[in-house]
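Between the sequences and the hints, there should be enough to build the whole structure, so can you do that?
Protein chains in written order, with my numbering: chain R, 1 to 162; chain L, 1001 to 1162.
It should be emphasised that the hints constitute simulated quantities derived from the structure, not laboratory data.
Built from N, CA and C at the ideal position, the CB exists for glycine as well.
Honestly, I wouldn't trust all of these hints.
[Said to hold, decoys possible] Partial chain L-side listing against chain R, Cβ under 10 Å, derived: (1) A1015; (2) L1019; (3) D1126; (4) I1132.
[What the hints assert, rightly or not] Okay, the calculated beta carbon distance ranges per label pair: (5) L:D1153 / R:I62: 40 to 46 Å; (6) R:K137 / L:K1144: 23 to 29 Å; (7) L:R1006 / R:A131: 53 to 59 Å; (8) L:E1063 / R:G46: 40 to 46 Å; (9) R:Q154 / L:F1007: 24 to 30 Å.
[What the hints assert, rightly or not] Here are some chain R residues the structure puts well away from chain L; computed CB gaps all over 10 Å: (10) I62; (11) K116; (12) D126; (13) P130; (14) E141.
Number of protein chains: 2
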Amino acid sequence: MQPFIRFATKDDAPAIIGLIQGLANFEKASDQVVITADDLVRDGFGTNPKFWCYVAEIPGEIETEIVGMALFYPRYSTWKGPTIHLEDLMVQEEFRGQGVGTALYRSVLTFARERKVRRVNWEVLDWNTPAIEFYVKSGAEILKHWHVVSMDDQALEAYLES
Amino acid sequence: MQPFIRFATKDDAPAIIGLIQGLANFEKASDQVVITADDLVRDGFGTNPKFWCYVAEIPGEIETEIVGMALFYPRYSTWKGPTIHLEDLMVQEEFRGQGVGTALYRSVLTFARERKVRRVNWEVLDWNTPAIEFYVKSGAEILKHWHVVSMDDQALEAYLES
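Right, dumping it as structure tokens:
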């Protein structure tokens, strides 16, 4: 069944949080999600939204169900200018293998093409082989020589006070 | 000599482009920089700037010289909410080892603390050992299991037309 892809609205925030938590569980980081549906509403659906989000809907027996989402936002490359970053692409486990992820992926890339950005970036876990194969087959490049570096607020506070 | 750190203005764009190109050369990607000083002015110093930038100045014999810069912008984590991404941190080769990079780094982290973000991210090349050691010593974490993925506009076009 073809999923219907549309921009998320604030009413989708609880479903999106569910998908975010599902992806964090899959990435073995289930305790890392601290944001709430209220945070998403404030940050993504007010004036000056900090991200965009597509959701994938499939008609269920009783009501239409959100089975996947792609959350993305602008970044800036000092080499290429404006770019798009795909933060999360997630499909509920029981709806995988039906083209939902591909439909979301194509939607984000189409959005990027319309914006005429020179690059789309995202990150993938090194053990997530199916995702890596999908991305490579689509023409994306895995930049194995670049490491992601992260400093959380506690480390930042400790460093600045040192 | 202590560098003076201040926010960049549009008049700094040519100096910033010089530093961007210098960093790309160091990263063995000298042909990758396609943006110009005009692009930087439009993207960073108009309404709704796409990035922020600090520059480091040192008084020279004739005039004050810009010897380093840090360019950064907001991102959004589906786990942590708003974050800051440090895109480039660069000090002219002949001014390294004098605390300029540390002063720029602390400025960006202080900015992040004032914004109360829960995380600051950036990327580093795996062979850039001095940078990695500096970051780890400061309390940042190198996320070795995450790969950066990139799709340029040509690959994107080819995929969407397939």
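Item to check | Pairwise beta carbon distance, D1153 (chain L) to I62 (chain R), judged against the given window 40 to 46 Å | outcome: holds (43 Å)
Checklist entry - Would D126 (chain R) pass as off the interface with chain L, using Cβ distances and a cut of 10 Å? => result violated (5 Å)
Next on the checklist: So K116 (chain R) supposedly isn't at the interface. Is its beta-carbon more than 10 Å from every beta-carbon in chain L?
Outcome noted: violated (8 Å)
Next on the checklist: Please check whether D1126 (chain L) passes as an interface residue: C-beta within 10 Å of a C-beta belonging to chain R.
Outcome noted: holds (5 Å)
Checklist entry - For the hint on I1132 (chain L), does the least C-beta distance to chain R fall short of 10 Å? => result The hint holds - I1132 (chain L) has a Cβ within 10 Å of chain R, the shortest such distance being about 7 Å.
Checklist entry - Does P130 (chain R) really sit off the interface, with its C-beta more than 10 Å from all C-beta atoms of chain L? => result holds (14 Å)
Next on the checklist: Checking hints one by one. Is L1019 (chain L) an interface residue toward chain R, by the C-beta closer than 10 Å rule?
Outcome noted: holds (9 Å)
Item to check | Residue hint A1015 (chain L), partner chain R, criterion CB-CB below 10 Å | outcome: The hint is violated - A1015 (chain L) has no Cβ within 10 Å of chain R, the shortest such distance being about 13 Å.
Checklist entry - Should the hint that E1063 (chain L) and G46 (chain R) are 40 to 46 Å apart at their CB atoms be regarded as holding? => result For G46 (chain R) against E1063 (chain L), whose Cβ atoms are near 45 Å apart, the range 40 to 46 Å holds.
Next on the checklist: The output says E141 (chain R) does not contact chain L. Does that hold with a beta carbon cutoff of 10 Å?
Outcome noted: violated (5 Å)
Checklist entry - Does the hinted range 24 to 30 Å hold for Q154 (chain R) and F1007 (chain L) at CB? => result With a Cβ separation near 27 Å, Q154 (chain R) and F1007 (chain L) satisfy 24 to 30 Å, so the hint holds.
Checklist entry - Would you say the C-beta atoms of K137 (chain R) and K1144 (chain L) sit inside 23 to 29 Å of each other? => result Once the Cβ atoms are compared, 24 Å apart, the range 23 to 29 Å for K1144 (chain L) and K137 (chain R) holds.
In this structure, the earlier hints numbered 1, 7, 11, 12, 14 are contradicted, and the remaining ones agree with it.
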